[in-house]
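Residue numbers (the working numbering), protein chains in the order written: chain A, 16 to 194; chain B, 16 to 194.
If you're looking for bench data, these hints aren't it; they were derived computationally from the structure.
Please note that the accuracy of each hint is not assured.
All copies of an identical chain are treated as equivalent in the list; a pair is satisfied when it fits inside any one copy or across any two copies.
Stated by the list, open to error - Derived pair list, reagent style EDC-like, types lysine to aspartate or glutamate, alpha-carbon separation capped at 16 Å: (1) 187 x 167; (2) 187 x 163; (3) 143 x 108.
Treat the numbers as computed from the prediction; the structure is a model and nothing was measured.
Protein chains: 2
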Amino acid sequence: MDFNEKKVSSETVYSGKILNLRVDRVELPNGNMTAREVVEHAGAVAVVAQKEGRLLMVRQFRYPVGKVLLEIPAGKIEKGEDPLLCAARELIEETGYEAGEMKLLLSFFSTPGFSDEVLHVYLAGDLKYRGQKPDEDEFIQVEELPLERAVEMIGSGEICDAKSIIGILAVKSELVSLK
Amino acid sequence: MDFNEKKVSSETVYSGKILNLRVDRVELPNGNMTAREVVEHAGAVAVVAQKEGRLLMVRQFRYPVGKVLLEIPAGKIEKGEDPLLCAARELIEETGYEAGEMKLLLSFFSTPGFSDEVLHVYLAGDLKYRGQKPDEDEFIQVEELPLERAVEMIGSGEICDAKSIIGILAVKSELVSLK
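Only chain A is shown next, with the shape it has when bound in the complex (with noise of 0.2 Å):
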């Protein structure tokens, strides 16, 4: 079967500080025409950090969904930025722990409906504990939890965002390991 849909023309409607958002002409494979509205973003990192067999968590406001949530540590990818070292740099600045390894889990399109956004998720081990180091209009309070009242929570609805669920969900799964 023929999916592909064939882009005839692109408009920016808005440039951001965290996303761009264009809206697209484009033509499907039964020749009909439709509009595609697409948020661009540069992609985003996550770590499931395992300190004793407690994972490391942050609980921050979410501004989009109006509520404070308890999320592994997580940030964007700054321009050019390696992602790897993008998900050693904001598990050091949210939580003071540099990870002596650190290892990819998985890749996952967070909403690949309405838009690019690729976040890939690491697993961090041997932590070392080097001090905080939030932005200045970051606010963050670190807990530690152990796996399996992660995993409760995820079946409380406590722990609610994707890239949380995915990582700690994926490591119970052990769908990689460390070792």
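Fit chain B to the known structure of chain A by using the hints.
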């Protein structure tokens, strides 16, 4: 710790078919001002549908990422639509199967750093074939996969969107079951 950010002003920069974009000026807990870009989305559903130990999956082109992805059936919630009824509707439209049983597995924010999108993932069983009813402009191919194969395909990156990874790993981890 006070985490909250206060909205000072709000401007809708785009109102579209599947999303709106607004840019708010907000006051941070330290009194500094910043901008928050928020993609408003009506929410979506996805369905982990099992038929004799095999998952119903759909292959389709995802324009924002420029790739054909293999995903669990899913779709946007129409204005005022009940998410459970939306999940039942999307399952039959995309795969042709009607579910005798359906249960909420979990709900999550796909990307709370820039969007309010919530995704509700349902578990469906007791499937009966009634005939596929895709929208005229949807091009979808149905595939069936054993659960263990789907888990492997998450590990290999062949299944790579948040809702499918979450639905499959949640079932694999037995977070919720139909019985």
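For the identical chains here, do residue 187 and residue 167 meet the 16 Å Cα criterion within one copy, between copies, both, or neither?
both (11 Å within a copy, 14 Å between copies)
First find the shortest C-alpha distance between residue 143 and residue 108 inside one copy, then the shortest across copies, and answer within, between, both or neither for a cut-off of 16 Å.
within (13 Å within a copy, 52 Å between copies)
Is the C-alpha distance from residue 187 to residue 163 at most 16 Å within one copy, between copies, in both cases, or in neither?
both (8 Å within a copy, 15 Å between copies)
In terms of the numbered hints stated before, the structure departs from none.
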